[in-house]
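Sequences listed follow chains R and C, in order. Going by full-length UniProt numbering, the letters in the first sequence line up with residues 1 to 430, in that order. Going by full-length UniProt numbering, the letters in the second sequence line up with residues 1 to 430, in that order.
Just so you know, the hints here were simulated from the structure itself, not pulled from any lab data. Misleading hints may appear alongside valid ones.
If several chains are the same, the list does not tell them apart, and a pair holds so long as it fits within one copy or across any two.
[Stated by the list, open to error] Calculated lysine to aspartate or glutamate pairs in the DMTMM-like style (CA-CA distance at most 25 Å, straight line):
(1) LYS427 x ASP221
(2) LYS373 x ASP242
(3) LYS247 x ASP370
(4) LYS247 x ASP358
(5) LYS427 x ASP370
(6) LYS427 x ASP260
(7) LYS427 x ASP242
(8) LYS427 x ASP208
(9) LYS213 x ASP185
(10) LYS244 x ASP156
(11) LYS213 x ASP364
(12) LYS373 x GLU404
(13) LYS213 x GLU376
Bear in mind that the values here come from a model prediction, so they are computed numbers and not experimental data.
Each chain is listed here by its residues.
Protein chains: 2
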Amino acid sequence: MPDMGRSSSGTLQCGSGGYMDMWGRARRGSTLGALGPRDRHIAPSREMRRRRSMELHLLIHLGKMGPGKISDAGGQSSVRSVKTALTSLHFVDTNILPSLYLYAINMAPSLQVTIDPTTVPSQTTEPAITKSTKSSNGVPSSPYPTGLSARLAARDNTYTTSTSGLAPTYLQANLLILPSRYAPDFRLLCARNPVPCPLLAESAAVGDWSGLKSWIEGVEDGSVAAEFDVRRDAPRYMVYRDGKLIKFECPDVMEEWTEDHVAFLIGCSYSFESALTSGGLAPRHTVMNRNVPMYRTTVPLCPAGAFTGSTYVVSMRPYPRHLIESTRTITRPYTATHGEPIAWGWSALRTLGISSIDSPEWGDAPLTLDGRKLSEVEGDEENVPVFWACGVTPQEAVMRAGLEGVVMGHAPGHMVVLDARDWDVVKKEE
Amino acid sequence: MPDMGRSSSGTLQCGSGGYMDMWGRARRGSTLGALGPRDRHIAPSREMRRRRSMELHLLIHLGKMGPGKISDAGGQSSVRSVKTALTSLHFVDTNILPSLYLYAINMAPSLQVTIDPTTVPSQTTEPAITKSTKSSNGVPSSPYPTGLSARLAARDNTYTTSTSGLAPTYLQANLLILPSRYAPDFRLLCARNPVPCPLLAESAAVGDWSGLKSWIEGVEDGSVAAEFDVRRDAPRYMVYRDGKLIKFECPDVMEEWTEDHVAFLIGCSYSFESALTSGGLAPRHTVMNRNVPMYRTTVPLCPAGAFTGSTYVVSMRPYPRHLIESTRTITRPYTATHGEPIAWGWSALRTLGISSIDSPEWGDAPLTLDGRKLSEVEGDEENVPVFWACGVTPQEAVMRAGLEGVVMGHAPGHMVVLDARDWDVVKKEE
């Protein structure tokens, strides 16, 4: 499968290498600022990249054939091709990749994968927009500085993109909405697998789209997210019926939410990433302005009722060997957002059943600081892989469970921003 | 390694086959009552078997050489040989095997393994003693019917053997006592791995040998075990210093307990085994009067501070395929005592990294109802392996962590009996 993917995207690269090369380098140049004159393009704005990814999405959806066709075989090979090709192209906002990937999975095996490069502009001079910037006093500022302001902006569709960097220090959460008959099993799945599935809160009652019951120790029910509307407060949603994606990145789920639904909010790694950065251990992908690589492992989850057969998904951040204990110490107290790493060292690839460090299932491939593939330095002491449990795990578990009825979630990267703060999930020593 | 073990025990069997054969069959005959006249010996009493196992222990300890020598090589091969040989011999109380095994691990690599079969009597006519019998009205009776009575008997050394079947419906707990500096990490290990390490209670304060803090939802601190003395209330203890066993099945830890120790009580599977039996799904090993087989797996625990590099230990109970969902349903609510199975099916052997179903690391090898090795029916639908997480997991984690100072625990099978009841750990649906 990987060979098919590489081969297909290779063909694509040959046919349209000019702009791809420029886009790829332009992006690196804009973040590291250490490349030659030809590379000094300004990165496309997030909105531009988003628009292009949507065009790609539409092309895939319509199944148009064109010069950039990747594969016309159905099933996993196509899915792999889409992902590999999009990652290689570098022109798509990689925050969108998981959505496209999920979409592709749901389309298989009837998928017709087509990319027409003539629809993709080769460059732009628009500056990149960042949502959180340093003000003159060095404190992060944001157009939506609080959880509530971010939710209200998402609710009225003023804000519709990735929440990465939004409302600094406010907890962000993965969202899963299930028919009530699956709620006890899902709650149990989280209880049995608290490291990959840290349950922060859930609907106060079946069908209650506003009230929340807190599962965060020391945080009252009313302090998780006040004036909440789970149907509208994520910037984008995904909707599935009987396991098939029926709505992709829709702005709300007003139509789909019923009196029989229960929402679950699950911790994500933004909290401990901030802590690592504050501790002088900024994760590699943030330094290089990439997305964290995420891998499916062979480590089984403890099953719970309807949720069987799933495995851990992990995120990876490379660190020098001598700093690993510090990363463990810094992230350990974040028990509600995955806590300390679950594995580290090059041998962990084998333990976790990860076949290639260069081929994450989600996010961007990890690189050395000078831009080489991480596999090129395999075994060294400066880029030792460190793996944390990842909030994609419960999403995978839900997708694999073959649930009947309507299931909803946030679109990847488009999290729910809470009122609770990063420090609310830090475990105090007893 | 396994080949060495089998070869060694094979040699031993040849040299002393007469009594082994009789002992092995006598034991099965006494419980199933379906074998021929030659098999109708009465099983040795638990005390007799215990005495013999202690003789074996002493022989191993003294390193005497004799006609029954298993292996004189140091390290794991010897450990394996001891275990395989003892299991094959059938004359040792298998409740003691884990102790011997731990002991052997601690002696390696200087171990000189020797068994002199002339010291082991070939038969006895003493009747087996059972601690819990059916009274005339069918309700289990016991000389120690409550948790407190069992603890008081253990405290004054009236009761010194395995607690299996003691004080029916009263929760029994694994005990681990650690230097206080490891307590936060161990607490975190349990929180991150609640299925194999279900923490029921811990010392109310560092150095407090009586008071307990309850971690069982709905059970008050004072209701876990009243008038408790953690230094004396298990029938037998094991004591380790700097990772080496220094006391084997001692009656108390009055000398070793210090103002710096913290005790942890961890759930065990007796509760859900009772529930399975009540539900008409009596575990195979209880029907055949054997010990549950336990296996070390390759599934990693989520590490926590000092506790790294450990894996799940699982117990296995075979069931017909069509009953597996029932075993899941019955054990699911027992969240504080491992809950529902973590894996099932013949393919689970691969998932869990178990190389041979016939060679559990602890307990007795599983059998079909007609006494064949389970591997002989591999793939069938009547003896499908079902695996639950096992309370040996945290003991393994502690042993592997290389802790400094004095660590204590109950001797395997010699649990702490609590005041809390089986039904106190049953999770109520929310």
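Here is what the structure says about each hint:
For the identical chains of this complex, LYS427 and ASP221 are neighbours both inside a copy (18 Å) and across copies (22 Å), given an alpha-carbon limit of 25 Å. Proximity of LYS373 to ASP242 under the C-alpha cut-off of 25 Å is found in neither arrangement, the shortest distances being 39 Å within a copy and 43 Å between copies. For the homomeric pair LYS247 and ASP370, neither the shortest alpha-carbon distance inside one copy (40 Å) nor that between copies (56 Å) is at most 25 Å. For the identical chains of this complex, LYS247 and ASP358 are neighbours neither inside a copy (31 Å) nor across copies (50 Å), given an alpha-carbon limit of 25 Å.
Proximity of LYS427 to ASP370 under the C-alpha cut-off of 25 Å is found in neither arrangement, the shortest distances being 36 Å within a copy and 53 Å between copies. For the identical chains of this complex, LYS427 and ASP260 are inter-copy neighbours only, at 23 Å across copies versus 34 Å inside a copy, given an alpha-carbon limit of 25 Å. For the homomeric pair LYS427 and ASP242, neither the shortest alpha-carbon distance inside one copy (38 Å) nor that between copies (29 Å) is at most 25 Å. With identical chains, the CA atoms of LYS427 and ASP208 are at most 25 Å apart between copies only, with a shortest distance of 24 Å across copies and 29 Å within one.
In this homomeric assembly, LYS213 and ASP185 come within 25 Å of each other (Cα to Cα) only inside a single copy, at 17 Å, whereas the closest approach across copies is 28 Å. For a Cα distance limit of 25 Å, the shortest separation of LYS244 from ASP156 qualifies neither inside one copy, at 27 Å, nor across copies, at 65 Å. Taking the closest pair of Cα atoms, LYS213 and ASP364 never come within 25 Å of each other, the shortest separation being 35 Å inside a single copy and 46 Å across copies. Neither within a single protomer nor between protomers do LYS373 and GLU404 lie at most 25 Å apart by alpha-carbon distance, with minima of 41 Å and 41 Å respectively.
Taking the shortest Cα distances, LYS213 and GLU376 never come within 25 Å of each other, neither inside one copy (47 Å) nor across copies (51 Å).
Hint check: violations occur at hints 2, 3, 4, 5, 7, 10, 11, 12 and 13; the rest are consistent with the structure.
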